[in-house]
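K.L.:
Per the numbering used here, the very first residue in the sequence shown carries number 1; after that it's consecutive.
In case anyone wonders, no lab produced these hints; they're calculated from the structure. For glycine and all other residues, C-beta sits at the position ideal for the given N, C-alpha and C. Check the hints yourself; a few may be wrong.
Claimed, not checked - Below are the SDA-like pairs computed for lysine to any residue, each with C-alpha atoms no more than 20 Å apart in a straight line:
| # | residue 1 | residue 2 |
| --- | --- | --- |
| 1 | LYS227 | ASP213 |
| 2 | LYS389 | GLU372 |
| 3 | LYS627 | ASP608 |
| 4 | LYS579 | GLU531 |
| 5 | LYS334 | ALA258 |
| 6 | LYS579 | ASP608 |
| 7 | LYS227 | ASP206 |
| 8 | LYS459 | GLU531 |
Unchecked claim - Okay, the calculated beta carbon distance ranges per label pair:
| # | residue 1 | residue 2 | range |
| --- | --- | --- | --- |
| 9 | LEU434 | PRO178 | 55 to 65 Å |
| 10 | GLY219 | ASP450 | 18 to 28 Å |
| 11 | PHE467 | VAL203 | 51 to 61 Å |
| 12 | ALA472 | PRO234 | 50 to 60 Å |
| 13 | ASP679 | ASP56 | 55 to 65 Å |
| 14 | GLY219 | ARG303 | 15 to 25 Å |
| 15 | ALA663 | THR826 | 52 to 62 Å |
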Amino acid sequence: MSKLMGGAVLIGGVVVLGLYAGFGAAPRIESRIGAQAAAALQGSVHGLQARVAGRDITLIGTADGAAEHSRVIAALERVPGQRVVRSEAEVLPQVAPYRLHLSLGEDGPIWQGHLPNAAALTALGEAYPNASLPLGAGAPAGFTEAALAGAEASLAMQSGDLVLEDQTLTLTGLVASPKEAAAVEAALANLPEGYTAVLELDVLDDGKPFALDIEAVNGNATWAGGKLPLAMEPVDLDSAYGSPVAGNIMQARIGEDAQDWVASAEAGMAALANLIEGRLRIEGRTLALTGMAASPKEAAAARAELEGLPGDVSPLIELELFDDGTPYALMIDKSASGTQASGKLPAAMAEADLSALEGSDVQIARIGDDEESFTAAARALLTAVAPMKTAQAELGPERLTLTALAPTPTEEAAARAALQSVPEGIPQVVQIALEDDGTPFALSITKPADGSAWQASGKVPSVLEGFDYAAAAGVDSIASGDLAVARIGDEAHGFADAVPPGLAALELMVSGEMLLTEQGLTLTGEATDPEAEAAITAVLADLPAGLTAETALHLMDDGTPPAFTFAYSVSEGGSLSGKLPSGMTPPEIASLAGLDQLGGAPGQSQSDDSGAEAMRSALASVAPWLKSSESLQLVLQDGAVQANVTASPGVDGDLLAKALSEALGGGVSVTVASAEAADGTLRTNPATGAEQQLSGGIWLPVVDLDPTVEGCTAATEAALEGERIAFLTGGFRLDAASVRAVNAVAAVALQCAEAGHTLELGGHTDSTGNPESNKALSARRADVVAQALIARGVPASALNPRGYGAEEPIADNESPEGRAANRRTTLRWSE
């Protein structure tokens with residue numbers, strides 16, 4: 001009984017001491033839990049907070065969706081010492097698609113949708129004070145900035161809709177003028193990366209300044225362009241002119257005070273009414289009136305109407321008189337597009353005399369003598385010009401000049417005979433050339449390599465006039481603007497009969513030129529292969545007797561089997577040489593090798609694709625190793641592929657040779673390069689596009705990182721993305737592909753070690769086999785990785801290799817996948 005009593009006293013003392021100690025430690029525990037809970041909430045979108053009472057944690061604030069809420073609760077439940085985690089936080093709904101809609105109409109702005117945070121709503125309120133929208137989770141990055149840009153753009157609109165759905169912003173509606181449309185576009189010019197804007201805007205007014213362009217002939221006025229201000233109706237133009245103005249008159253949709261402009265337009269229309277024909281234009285502060293008045297009286301009346309223009313409007317008046325008393329003159333310009341004439345002719349000229357000048361700007365005098373000598377000279381000149389191909393003529397009181405091109409000597413003789421009737425008192429200067437100069441016939445037809453239209457030039461006999469060269473060649477069209485047809489000379493039927501076979505031969509070529517002369521036909525250019533060459537020769541056998549055929553052809557494919565080399569080096573990039581199989585192109589080869597582009601200009605087999613699949617397989621096999629190679633050659637010969645590889649320093653050449661031999665089925669030669677440059681040398685690797693720096697004789701990627709423990713951890717994880725440090729099965733030798741991962745980690749470790757941090761290299765195995773053996777193997781593997789990093793310049797003092805064996809699994813060892821995941825190397829940075 002005394003022993004029991006003693007035990008009770010002892011237990012009671014311990015309990016009392018425990019309670020006493022607990023009361024003293026409770027504030028410290030609460031403070032520690034609060035600090036760790038606050039750390040767990042760092043980075044929450046809306047600034048979640050934790051309220052700690054004793055060991056109980058209550059989550060308060062706003063969670064950005066269920067995912068963030070669950071993640072934060074899980075983080076709080078991992079806080080050491082906590083007892084209960086509760087949530088009083090508001091959880092924003094997950095919105096998908098994430099959408100914001102603004103409708104601008106007569107009832108004012110109406111908003112619908114969600115915003116990512118309260119700050120976005122506050123910023124939106126600066127543009128639209130009454131905007132009210134719920135918050136929602138799931139917004140893509142940059143949604144707030146895109147929403148504010150859209151809101152700013154909508155301020156320039158009169159009505160419409162703004163829809164921002166995920167990363168597409170659509171604005172439809174009405175703006176007053178191009179100025180406001182430009183403001184909308186400017187507001188959306190710098191949307192966040194990944195966002196696109198779709199604009200469908202209607203413009204109420206084109207924004208162009210007021211302008212007027214009226215043409216009038218014999219009292220009939222026609223609107224030719226411009227825009228009236230809102231203050232002026234089209235009927236005002238009718239009133240000022242004295243008769244209706246025809247045409248589709250444009251009037252501004254938005255207005256401003258334009259009384260001075262209206263006054264100027266009315267004065268200009270009144271002035272235009274005094275002309276036989278004329279044109280009134282108002283642009284800016286300038287009024288231009290041009291035209292013809294029947295007499296000086298009507299010209300003065302038109303000028304008088306413009307004397308009362310507003311002071312800042314500048315009149316520009318250019319008026320002619322129907323008959324100004326100047327001497328008679330006739331100027332003629334005849335070309336392939338027609339005959340144009342100008343001048344002043346006596347009233348005695350009959351309409352029959354002027355029929356050839358219909359539509360020309362020729363004035364008939366209403367005053368003055370008939371001038372019989374001038375009339376006779378004008379009629380003679382018109383008769384001489386009529387048969388000419390082209391002509392430039394000028395007749396005045398003192399001289400007649402004529403420069404012309406006659407189709408044949410017959411037309412030249414007719415023109416000179418007509419000029420014999422010109423009165424002796426008018427001197428003549430006449431130069432008439434013949435259309436055909438008598439040079440030999442020659443026809444050149446070119447077929448361009450780029451597939452553009454064929455070109456024909458030269459001079460052919462008249463028998464070929466109207467000949468369809470394109471139909472004879474079997475093409476859509478042949479440009480023949482530089483091809484002349486002779487008007488004199490022999491018919492040259494042999495020449496004409498040689499054109500169809502020559503065109504047929506040219507059509508069989510890839511590109512080239514056919515030159516046909518009276519002596520023979522010559523073909524130069526490029527053909528696909530010997531079969532095409534033979535077909536061309538057979539076609540030319542049909543040339544007419546007496547004409548010879550000569551060919552100078554370059555063959556794209558000489559008929560030999562495909563054989564080419566794909567070469568790559570860090571200094572030169574990739575290139576091709578030799579002859580590619582049919583269907584295999586340089587862009588395809590570059591894509592298979594993982595390169596942006598290739599140099600070289602290889603030939604191309606037109607029909608033989610032997611070796612293509614073997615080379616495609618080889619390229620796909622070696623592409624992953626370009627990043628670990630200083631140079632590489634794949635040679636296709638006789639349908640088989642040989643590989644010659646010079647691996648980068650630090651690569652296990654034996655393992656690389658074995659890996660490539662297995663992938664290519666043999667035919668692989670691998671050597672390992674030694675760095676010849678000094679440590680610190682920089683270069684750009686074309687296979688990765690990344691900059692590299694030499695360290696410890698090995699090329700390492702150049703990385704930019706934050707030299708804190710967190711920054712080193714993040715940089716290490718990024719370096720191993722897509723790469724893995726792995727070993728040969730059951731051993732501690734790094735496999736061939738691990739060199740890229742080791743190089744990437746070494747580039748990070750060099751900077752982080754310099755910052756004073758230590759890298760733990762953890763070797764891990766699965767649970768298969770003896771635990772002690774596994775631990776020893778994992779320790780040896782961790783040491784192998786450490787030695788590889790030391791060889792690349794990382795100080796040994798910054799490395800802590802450790803073997804964990806199967807002690808820290810990350811997956812179930814009962815499955816092959818789980819065991820593979822557990823066989824790994826972990827990298828942990830610490831201060």
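K.L.:
When you check the alpha-carbon spacing of LYS227 and ASP213, does it fall within 20 Å?
P.N.:
The hint holds at about 9 Å.
K.L.:
Holds or violated: the 52 to 62 Å window for the beta-carbon distance between ALA663 and THR826?
P.N.:
violated (30 Å)
K.L.:
Check whether the Cα positions of LYS579 and ASP608 lie no farther apart than 20 Å.
P.N.:
holds (11 Å)
K.L.:
Checking one constraint from the list: CA of LYS459 to CA of GLU531, max 20 Å. Satisfied?
P.N.:
This hinted pair is violated, its Cα atoms lying about 33 Å apart.
K.L.:
Evaluate the given range 55 to 65 Å for the C-beta pair formed by LEU434 and PRO178.
P.N.:
Hint holds: Cβ distance 58 Å, inside 55 to 65 Å.
K.L.:
Between GLY219 and ARG303, does the beta-carbon spacing fit 15 to 25 Å?
P.N.:
Taking Cβ atoms as reference, GLY219 and ARG303 lie about 19 Å apart, which means the hint holds.
K.L.:
Run the distance test for LYS627 versus ASP608: straight-line Cα separation, threshold 20 Å.
P.N.:
violated (32 Å)
K.L.:
For GLY219 and ASP450, compare the CB-CB distance with the range 18 to 28 Å and indicate the outcome.
P.N.:
violated (58 Å)
K.L.:
Verify the proposed pairing of LYS389 with GLU372, using a straight-line Cα cut of 20 Å.
P.N.:
violated (29 Å)
K.L.:
Decide if the proposed pair is consistent with the structure: LYS227 and ASP206, CA atoms, cutoff 20 Å inclusive.
P.N.:
holds (10 Å)
K.L.:
Keeping to a limit of 20 Å between CA atoms, is the pair of LYS579 and GLU531 held or broken?
P.N.:
It holds: about 18 Å lies between the C-alpha atoms, which stays within 20 Å.
K.L.:
Given the hint of 51 to 61 Å, check if PHE467 and VAL203 actually sit that far apart at their C-beta atoms.
P.N.:
holds (53 Å)
Hints 2, 3, 5, 8, 10 and 15, counting from the list given before, are not met by this structure.
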